[in-house]
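Since the structure of chain A is provided, determine the placement of chains B and C on it from the hints.
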Amino acid sequence: SMFPGVLSLCCRPSAWDRATRPPPSPLQPPLAPCRSFSNNKIQVELDESSGVAMMKFKSPPVNSLSLEFLTEFSISLEKLENNRACRGVIITSAVPKIFSSGLDITEMCGKSVEHYTEFWRAVQEMWLRLYSSSMVTVAAVNGSSPAGGCLMALSCDYRIMAENPKFSIGLNEAQLGIVAPFWFKDTFVNVVGHRIAERSLQLGSLHPAPEAHKLGLVDELVPEEKLMEKAAAVMTQWLALPDHARQLTKTMMRKAVLDRLRAHREEDIKNFITFVSKESIQKSLRMYMEMLKKRKS
Amino acid sequence: SMFPGVLSLCCRPSAWDRATRPPPSPLQPPLAPCRSFSNNKIQVELDESSGVAMMKFKSPPVNSLSLEFLTEFSISLEKLENNRACRGVIITSAVPKIFSSGLDITEMCGKSVEHYTEFWRAVQEMWLRLYSSSMVTVAAVNGSSPAGGCLMALSCDYRIMAENPKFSIGLNEAQLGIVAPFWFKDTFVNVVGHRIAERSLQLGSLHPAPEAHKLGLVDELVPEEKLMEKAAAVMTQWLALPDHARQLTKTMMRKAVLDRLRAHREEDIKNFITFVSKESIQKSLRMYMEMLKKRKS
Amino acid sequence: SMFPGVLSLCCRPSAWDRATRPPPSPLQPPLAPCRSFSNNKIQVELDESSGVAMMKFKSPPVNSLSLEFLTEFSISLEKLENNRACRGVIITSAVPKIFSSGLDITEMCGKSVEHYTEFWRAVQEMWLRLYSSSMVTVAAVNGSSPAGGCLMALSCDYRIMAENPKFSIGLNEAQLGIVAPFWFKDTFVNVVGHRIAERSLQLGSLHPAPEAHKLGLVDELVPEEKLMEKAAAVMTQWLALPDHARQLTKTMMRKAVLDRLRAHREEDIKNFITFVSKESIQKSLRMYMEMLKKRKS
Numbered sequence: 010s011m012f013p014g015v016l017s018l019c020c021r022p023s024a025w026d027r028a029t030r031p032p033p034s035p036l037q038p039p040l041a042p043c044r045s046f047s048n049n050k051i052q053v054e055l056d057e058s059s060g061v062a063m064m065k066f067k068s069p070p071v072n073s074l075s076l077e078f079l080t081e082f083s084i085s086l087e088k089l090e091n092n093r094a095c096r097g098v099i100i101t102s103a104v105p106k107i108f109s110s111g112l113d114i115t116e117m118c119g120k121s122v123e124h125y126t127e128f129w130r131a132v133q134e135m136w137l138r139l140y141s142s143s144m145v146t147v148a149a150v151n152g153s154s155p156a157g158g159c160l161m162a163l164s165c166d167y168r169i170m171a172e173n174p175k176f177s178i179g180l181n182e183a184q185l186g187i188v189a190p191f192w193f194k195d196t197f198v199n200v201v202g203h204r205i206a207e208r209s210l211q212l213g214s215l216h217p218a219p220e221a222h223k224l225g226l227v228d229e230l231v232p233e234e235k236l237m238e239k240a241a242a243v244m245t246q247w248l249a250l251p252d253h254a255r256q257l258t259k260t261m262m263r264k265a266v267l268d269r270l271r272a273h274r275e276e277d278i279k280n281f282i283t284f285v286s287k288e289s290i291q292k293s294l295r296m297y298m299e300m301l302k303k304r305k306s
Numbered sequence: 010s011m012f013p014g015v016l017s018l019c020c021r022p023s024a025w026d027r028a029t030r031p032p033p034s035p036l037q038p039p040l041a042p043c044r045s046f047s048n049n050k051i052q053v054e055l056d057e058s059s060g061v062a063m064m065k066f067k068s069p070p071v072n073s074l075s076l077e078f079l080t081e082f083s084i085s086l087e088k089l090e091n092n093r094a095c096r097g098v099i100i101t102s103a104v105p106k107i108f109s110s111g112l113d114i115t116e117m118c119g120k121s122v123e124h125y126t127e128f129w130r131a132v133q134e135m136w137l138r139l140y141s142s143s144m145v146t147v148a149a150v151n152g153s154s155p156a157g158g159c160l161m162a163l164s165c166d167y168r169i170m171a172e173n174p175k176f177s178i179g180l181n182e183a184q185l186g187i188v189a190p191f192w193f194k195d196t197f198v199n200v201v202g203h204r205i206a207e208r209s210l211q212l213g214s215l216h217p218a219p220e221a222h223k224l225g226l227v228d229e230l231v232p233e234e235k236l237m238e239k240a241a242a243v244m245t246q247w248l249a250l251p252d253h254a255r256q257l258t259k260t261m262m263r264k265a266v267l268d269r270l271r272a273h274r275e276e277d278i279k280n281f282i283t284f285v286s287k288e289s290i291q292k293s294l295r296m297y298m299e300m301l302k303k304r305k306s
Numbered sequence: 010s011m012f013p014g015v016l017s018l019c020c021r022p023s024a025w026d027r028a029t030r031p032p033p034s035p036l037q038p039p040l041a042p043c044r045s046f047s048n049n050k051i052q053v054e055l056d057e058s059s060g061v062a063m064m065k066f067k068s069p070p071v072n073s074l075s076l077e078f079l080t081e082f083s084i085s086l087e088k089l090e091n092n093r094a095c096r097g098v099i100i101t102s103a104v105p106k107i108f109s110s111g112l113d114i115t116e117m118c119g120k121s122v123e124h125y126t127e128f129w130r131a132v133q134e135m136w137l138r139l140y141s142s143s144m145v146t147v148a149a150v151n152g153s154s155p156a157g158g159c160l161m162a163l164s165c166d167y168r169i170m171a172e173n174p175k176f177s178i179g180l181n182e183a184q185l186g187i188v189a190p191f192w193f194k195d196t197f198v199n200v201v202g203h204r205i206a207e208r209s210l211q212l213g214s215l216h217p218a219p220e221a222h223k224l225g226l227v228d229e230l231v232p233e234e235k236l237m238e239k240a241a242a243v244m245t246q247w248l249a250l251p252d253h254a255r256q257l258t259k260t261m262m263r264k265a266v267l268d269r270l271r272a273h274r275e276e277d278i279k280n281f282i283t284f285v286s287k288e289s290i291q292k293s294l295r296m297y298m299e300m301l302k303k304r305k306s
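Protein chains in written order, with the numbering used here: chain A, 10 to 306; chain B, 10 to 306; chain C, 10 to 306.
The shape of chain A in the complex, shown without the other chains (with noise of 0.2 Å):
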């Protein structure tokens, strides 16, 4: 036959299903060389041998983000892009049973327009980076991921939940009467779909890891203990792909929504502005910091 490399090239069947068993060279602990640099909030370690960052989120008591969290984020995430050594990010948590609980609510509560719209900006950038990186991002999603940080997972490319019935995720703004952006709406319609997002924004619901894996939220479960070595068996699959390839294919999967804030930016901020300023919103947040402040003593 004329083609035999073309037929066999062609017809070999790709890793889909592969990374379900153990990884034929697991990241090693930092034996490799390995840069490692931590700032406040976030842990990162590089190992340049692989390729691969590992991104540790530990901001106590609940990864919330705060404008120094999200800042650090970014950067750090700036800083591995522009690092040729490293082509992948896994992004998780080392805070137990939470991943991160989303916007830290104490930044949007009795400040200044212009604080409000710095803290917003960062909300922008992080979101931005992360959903556009030319880099393979798992999440390794160790506890609860509730509003902004689901967001966080969900604009990786690749989630895997630890497969523990405790652990909830989902964009549950509504339930604290408040509206997820449209591109946090975006980003899980891309995820899970128009009618399954219509249906969770709208109940705010928070889906159990078992629930958010049969509604495509999570694309897998491990065992608490695998979930690390899971991580590392998905990022070597993903890294298998030519980088340049894998990396236009994306831009066109995620472009035009990107393209949605990129040049709604400005507006969206100023929507964030009235919102956080209505009289009504900031009683309701000032109520519920009292509230936490007295179930604290």
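Since the hints were derived computationally from the structure, they do not count as laboratory data.
This list has only true hints and no planted wrong ones.
In the DSSO-like style, the derived pairs of lysine-lysine whose C-alpha atoms are separated by at most 27 Å in a straight line are:
1) K264/B / K264/C
2) K264/C / K264/A
3) K106/A / K65/A
4) K223/C / K223/A
5) K235/C / K223/B
6) K292/C / K303/C
7) K287/B / K120/B
8) K287/C / K264/A
9) K235/B / K223/A
10) K106/C / K303/C
11) K264/B / K287/A
12) K264/A / K88/A
13) K264/A / K279/C
14) K264/C / K279/B
15) K302/C / K106/C
16) K292/B / K279/B
17) K303/C / K287/C
18) K303/B / K287/B
19) K65/B / K235/B
20) K235/A / K223/C
21) K175/A / K65/A
22) K287/B / K264/C
23) K67/C / K302/C
24) K279/C / K120/C
25) K292/A / K120/A
26) K223/A / K175/A
27) K264/B / K264/A
28) K223/B / K223/A
29) K67/A / K303/A
30) K223/C / K223/B
31) K279/A / K264/B
32) K303/B / K67/B
33) K235/A / K175/A
Covered, in the sense of this in silico footprint (three residues per stretch, anywhere, with C-beta under 8 Å from a C-beta of chain C), are these stretches of chain A:
34) 195-205
35) 247-260
Quick reminder that beta carbons are idealized off the backbone N, C-alpha and C, glycines included.
Relative to chain A, chains B and C alone:
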């Protein structure tokens, strides 16, 4: 920990599946203060204690969507929409075995252009009001629901169907030699996705209840005698959310599709008139009417 | 009752699943009056009694989509499209184990800009004609179907695949270091949705038949020896619908994606030429061709 409240609030799973259990406080029969108004074809009962209205189609033999039915539906819905005591509507049928048979063919046969215009505008109005309703809308589909009947169910927030395989639902226009308008299609795609819609619309499929559930066309099946109890339980679940956030979220999800008809409403009426005025279509409709009359006698 | 006919007509379930049974009148081997024309690479047989044509790819070893193959395909399809006796087409392969290996790499290697232009226009033409065909199109995928071969299957109205796990299908361009054009992607998203498409395209996945079925990439699997019988049964089911309504419905579903290429056709050709003219790409292709020649000898 600093924010135990945030953690517990954010990580409380919402009631995605909780509605499968008996409702904590089912809607009671009209012991509670209850306003009822009935015109000709639709019976409306509002339970002011729960804030839930029931709209029952009672236009035998098949609840077909005549101009009179559609006008009454839109007026009834508007009344409820403007009644601050009403937060949700359950729509169902008082006619055994049929939810609604869809558009009334007699309205399209041998009438004037003025009549066609008025009729089609009433069809549009029904959908625009129902799909954009600020209330929680639940369809309790207790019988077959072809064409326009299916559209009404698709336009609600949630669909429960009696698990009787003799009841079927679908946009079967193609089987009658006609084409579903683009906004029927858009509504369908938003519920079941592009592929299922493409196949189902081209085949003009009427899906028996179990198949409809499998395809996502209805959200759940229950034994017929449990249908109203289940609809009340689902309503309770949806009404647990703060109205304002839920309404804005619904608008965000549905606005694009609603705006498409709003922008092309007159054009859509013209298309309908051109279609229905064709001699070939009128001939088919007359023959069909003759057949019905003969069967009747 | 007033409209018993409407009720019984509207409530007759359509044949969504009925095709799983043996067909009532399977296409017979050419006993019926039958016109056959075969050029070089594709054999076409039209059974005028049923209105169904069979197009069999017979371009060994792997039915690669050369300029000659694509031209012949478009001309054959156009002939059938213009033949009022023909209402449906089944496409399949006469080469064992392979449906089509996709675009012919030799057409992209060391040729002139004029040749690249002609070739890419032929690829576009094939897709524009197949995806917009007014006939019912059924793919009987009786072998592996990577890249352009997968696109052809995705462009039909219905896909049946031999349930042989050695046969795989997918848009695996990323594995070869290239990017699927946007209209390959659009067609894929219309079939499997955004998330599955995003993951599969980035990984360049070739899905074994059972996985392809699970993902919705093919509509059903049957034992290889039943494939043609099943294709005929599905065709019978689709041809039971009135042509005009089915065609308009198909256009409504596919127009947006077709129009996107129609509006950007010259730009898409330029993109292809820029890509294929790169020294790095030509070098890869030359090395790949050398490898194939060596394997051959």
